[in-house]
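Chemist: Position chain A relative to chain X; hints supplied.
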Amino acid sequence: MTTAIASRYTAEYSSIAPTLPGQNLAWLTTLRQEALSKFSAQGFPSLREEEWRYTNVSAIEKKLFAPSAIGQVQETVSKELISKYQLADAWSVVLIDGHFCAELSVLEGLPETVTVMSMAEALAQQPDNLEHYINQAVNNDEHNFVAFNSAWFTDGLFVHVPAKLVLEKPVQVLHLSTQGDLLASTRTVIVAEAMADIKVIETFVGLDVAYLSAAVTEVFVGLNADVILYKMQCESDKAYHFGGIYVKQAKDARFTHHNFAFGALLARCDIHTDLDLASECELNGLYLGINRQHIDNHTRINHLKPHGISRELYKGVLDNRARGVFQGRVIVAEDAQKTDSQMNNRNLLLSNDAEADTKPQLEIYADDVKCAHGVTVGQLDEKSIFYLQSRCIDEETARNMLTFAFANEMVDKIKIKSLHDQALEQVLIRFPQAGINKEWL
Amino acid sequence: MLSIKNLTVNVNDKQILKGINLEIKPGEIHAIMGPNGSGKSTLSHILSGKAGYTVTGGSVTYQGKDLLEMAPEIRAREGVFLAFQYPVEIPGVSNIYLLKAALNSIRKHHGQPEVDAMDFLTLVKDKVRLLEMDEKFLYRAVNEGFSGGEKKRNEILQMAILEPKLCILDETDSGLDIDALKVVAEGVNSLRAADRSFVMVTHYQRLLDYIKPDFVHVLAHGQIVKSGGAELALELEEKGYSWVEDSKAAI
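Line order of the protein sequences matches chains X and A.
Residue numbers for the first sequence follow the numbering used here, beginning at 624 and rising by one.
Residue numbers for the second sequence follow the numbering used here, beginning at 42 and rising by one.
A few of these clues could be false.
Pairs of lysine to any residue residues, derived as SDA-like cross-links and limited to a Cα-Cα distance of at most 25 Å, are as follows [to be verified]:
(1) X/Lys1006 - A/Glu185
(2) X/Lys1061 - A/Glu155
(3) A/Lys106 - A/Asp175
(4) X/Lys1040 - A/Glu185
(5) A/Lys149 - X/Lys1038
(6) A/Lys253 - A/Ile65
(7) X/Lys1036 - A/Asp175
(8) X/Lys1006 - A/Gly186
(9) A/Lys166 - X/Asp1035
(10) A/Lys149 - X/Arg1022
(11) A/Lys177 - X/Ser1007
(12) X/Lys1061 - A/Lys168
(13) X/Lys1061 - A/Ile65
(14) A/Lys91 - X/Ser1007
(15) A/Lys253 - A/Ser44
(16) A/Lys177 - A/Leu203
(17) X/Lys1006 - A/Gln56
(18) X/Lys1006 - A/Lys55
(19) X/Lys1006 - A/Gly93
(20) X/Lys1038 - A/Gly186
(21) X/Lys1006 - A/Arg181
(22) A/Lys91 - X/Asp1017
(23) X/Lys1061 - A/Ser44
(24) A/Lys166 - A/Gly186
(25) X/Lys1061 - A/Glu185
(26) A/Lys253 - A/Leu275
(27) A/Lys206 - X/Asp1017
(28) X/Lys1061 - A/Phe178
(29) X/Lys1040 - A/Ala158
(30) X/Lys1036 - A/Phe178
(31) A/Lys177 - X/Glu1032
(32) X/Lys1038 - A/Asp175
Don't read these hints as lab results, they were simulated from the structure.
Only chain X is shown next, with the shape it has when bound in the complex (with noise of 0.2 Å):
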């Protein structure tokens, strides 16, 4: 990546720079500069850098995305792809082209205590907190993409549960992109308190155009806190996603990860833990190639100090010429003694030209742990085959059924009914081959 290629983003953004949120905030300001300063500098990553040596962005360069100004973005809202996706039994927050859309959130009958509101709005009303958190559980020396994100947020989410509080139900963010060369930049902060309980479900879709989506998500589990994140990623398949998500859990903190890759021409996915004593992780995902998807998710397990648990399980089905990537990284420090660390990828290569490559890394400075990894790229299992044979199921039923059951173990871990659903049936859409029989499940 060049610095004019960069340039040609940065050029843009006087112009864009006005119309940004928290623009009164030195802090902010400061922030922001840095970030676009170091983004003119590097550009988007590159294959040069060892964390991105898979994955190719350049096609991004290549296209000048640029944000909606707030006010625009109404008319062309799809209201079937909003009634399709907002879920019926969540308190939800829709972020349409990267802006709050008050008209189509749900926020009614919330806690009083409880703040969910846009970033825009939580930057006007409570800027001394964002303080302590944005940009605190991930810096813009992360990589560019955050970076780029810092400077260009529009808009985003600010979920705060205080002490002890156990939010009924979960909280969705549904962004939804409609514009061709839109930048969609977004930037959510949940916060979780001391013994707090949520769940939160970051959802994004879009209509049949190429589009950039751009999120970073930052949470905060509290001392002994219980945080359970999905994502569902059923962007459009033009599209291109770039999501981080970056967590700080506190002493017994846990926290539970479910990423769905469904969609997305070009999609990278970084979630990144920080493990503190006694704290656990759970790390699970699925990725499902078509076509010439190209689904990279990239996940980092550090582990500061003793007795933290993670495990973590990623899966990827690829067909056509449709290529996954894992690369899953597993950092024990020094001090993190009695760790107990379990990390699988397994992939399931439906045809010949699809591709998966999957780095798993172990980086252990602690002498007294229990780490583990597995990885298989492959086939299915012929004892399974045999056994549904042996059930009158003939041999490609049964082989259909045992790469939908692959898939199918990982939408079985959702506990909420109608996000299950919705993750069944992507599963479902993406290979109707399959030969599935929904009214049998």
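Modeler: Here is chain A on its own, set in the frame of chain X:
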């Protein structure tokens, strides 16, 4: 029901079954006993159609048809059921889905329409009670996270619902505690019928205390070396396999 004539089978060019002869009539229960490596499992695999075995001679006739010519799923639809020694776990497919898919495959094979959803549920719940299982098992993934005993029970549940003609029980005893064994045996006994036959392949005589066989055959070195009634199993238990292992083929 089943007629095995002079069956010889190789695995990787090594002869495992060296001329098996066995006649099973409708309603009979046959126990095949033998020490490890005698070829017991090979016999049950051959009957159910598992890949990896080469039949070098002899024949297997099931209800007048050449069993060895049939694909595994056709055998199953024709009424051959193998209760696995090691049932496979299939995360992502629920028990009830598999049962429905299996039952409807059989019905389609016989030109019958799909089973009515309510009738199916009634049938399944009935059999679940018979095997003293929790209904929740139906909605869990096939065998995933089941204990050894639960897996074996699940095999018998499938058998009870699919109503096969020839039931092959491969080492159903192993891994079962006595309570689970009793439940499984009760399930099997309830399925005994004039037109249904059983082949129980087992290393242990204990199973036969609960499911009384009509015939006991002792397999050693790939041949049936001794056949008799239920009393043979007791004699075998007393004297050990070495009693028959060294003797010549009885048939």
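Chemist: Each hint should be assessed against the structure and marked as holding or not.
Modeler: Consistency of the hints with the structure:
1. Restraint check for X/Lys1006 and A/Glu185: satisfied, since their Cα atoms lie roughly 15 Å apart, inside the 25 Å limit.
2. About 14 Å separates the Cα atoms of X/Lys1061 and A/Glu155, which keeps this hinted pair within 25 Å; it holds.
3. Distance restraint check for A/Lys106 and A/Asp175: the Cα-Cα separation of roughly 39 Å exceeds the 25 Å cut-off, and the hinted pair is therefore not satisfied.
4. For the suggested pair X/Lys1040 and A/Glu185, the alpha carbons sit about 21 Å apart, so the restraint of at most 25 Å is met.
5. Under the criterion of a C-alpha separation no larger than 25 Å, the hint pairing A/Lys149 with X/Lys1038 is inconsistent with the structure, at around 35 Å.
6. A hinted pair counts as satisfied when its Cα atoms are at most 25 Å apart, and A/Lys253 with A/Ile65 qualifies at roughly 15 Å.
7. Between X/Lys1036 and A/Asp175 the alpha-carbon distance is near 21 Å, which keeps this suggested pair within the 25 Å criterion.
8. For a cut-off of 25 Å, the pair hint linking X/Lys1006 to A/Gly186 stands: about 17 Å separates their Cα positions.
9. Note on A/Lys166 and X/Asp1035: the hinted pairing holds, with a Cα-Cα distance of about 23 Å set against a maximum of 25 Å.
10. For the proposed pair A/Lys149 and X/Arg1022, the alpha carbon gap of about 19 Å is at most 25 Å, so the pair holds.
11. With a C-alpha separation of about 23 Å, the suggested pair A/Lys177 and X/Ser1007 falls inside the 25 Å cut-off, and the hint holds.
12. Note on X/Lys1061 and A/Lys168: the hinted pairing holds, with a Cα-Cα distance of about 24 Å set against a maximum of 25 Å.
13. Distance check on the hinted pair: X/Lys1061 and A/Ile65 sit about 41 Å apart at the alpha-carbon level, beyond 25 Å; violated.
14. Proximity of A/Lys91 to X/Ser1007 is assessed by CA-CA distance (about 11 Å); at most 25 Å being required, the pair is judged to hold.
15. Among the hinted pairs, A/Lys253 with A/Ser44 is consistent with the structure: their alpha-carbon atoms are about 21 Å apart, no more than 25 Å.
16. Only pairs whose Cα atoms come within 25 Å are accepted, and A/Lys177 paired with A/Leu203 is accepted, the gap being roughly 20 Å.
17. A C-alpha spacing of about 23 Å is found between X/Lys1006 and A/Gln56, which places the hinted pair at or below 25 Å, so the restraint holds.
18. Proximity of X/Lys1006 to A/Lys55 is assessed by CA-CA distance (about 22 Å); at most 25 Å being required, the pair is judged to hold.
19. Proximity of X/Lys1006 to A/Gly93 is assessed by CA-CA distance (about 11 Å); at most 25 Å being required, the pair is judged to hold.
20. Restraint check: the Cα-Cα separation between X/Lys1038 and A/Gly186 comes to about 18 Å, which is no more than 25 Å; the hinted pair holds.
21. Restraint check for X/Lys1006 and A/Arg181: satisfied, since their Cα atoms lie roughly 20 Å apart, inside the 25 Å limit.
22. Taking the CA atoms of A/Lys91 and X/Asp1017, the gap is near 13 Å; set against the 25 Å cutoff, the hint holds.
23. Only pairs whose Cα atoms come within 25 Å are accepted, and X/Lys1061 paired with A/Ser44 is rejected, the gap being roughly 41 Å.
24. With a CA separation close to 21 Å, the supplied pair A/Lys166 and A/Gly186 stays within the 25 Å bound.
25. Distance check on the hinted pair: X/Lys1061 and A/Glu185 sit about 21 Å apart at the alpha-carbon level, within 25 Å; holds.
26. For the given pair, A/Lys253 sits about 11 Å from A/Leu275 by alpha-carbon distance, which is consistent with the 25 Å threshold.
27. Between A/Lys206 and X/Asp1017, the direct Cα distance comes to roughly 19 Å. Compliance with the 25 Å bound is thereby established for this hinted pair.
28. Of the supplied pair hints, the one linking X/Lys1061 and A/Phe178 holds, its CA atoms being roughly 20 Å apart against a limit of 25 Å.
29. Among the hinted pairs, X/Lys1040 with A/Ala158 is consistent with the structure: their alpha-carbon atoms are about 22 Å apart, no more than 25 Å.
30. Distance restraint check for X/Lys1036 and A/Phe178: the Cα-Cα separation of roughly 17 Å lies within the 25 Å cut-off, and the hinted pair is therefore satisfied.
31. Taking the CA atoms of A/Lys177 and X/Glu1032, the gap is about 17 Å. The hint holds against a cut of 25 Å.
32. A C-alpha spacing of about 21 Å is found between X/Lys1038 and A/Asp175, which places the hinted pair at or below 25 Å, so the restraint holds.
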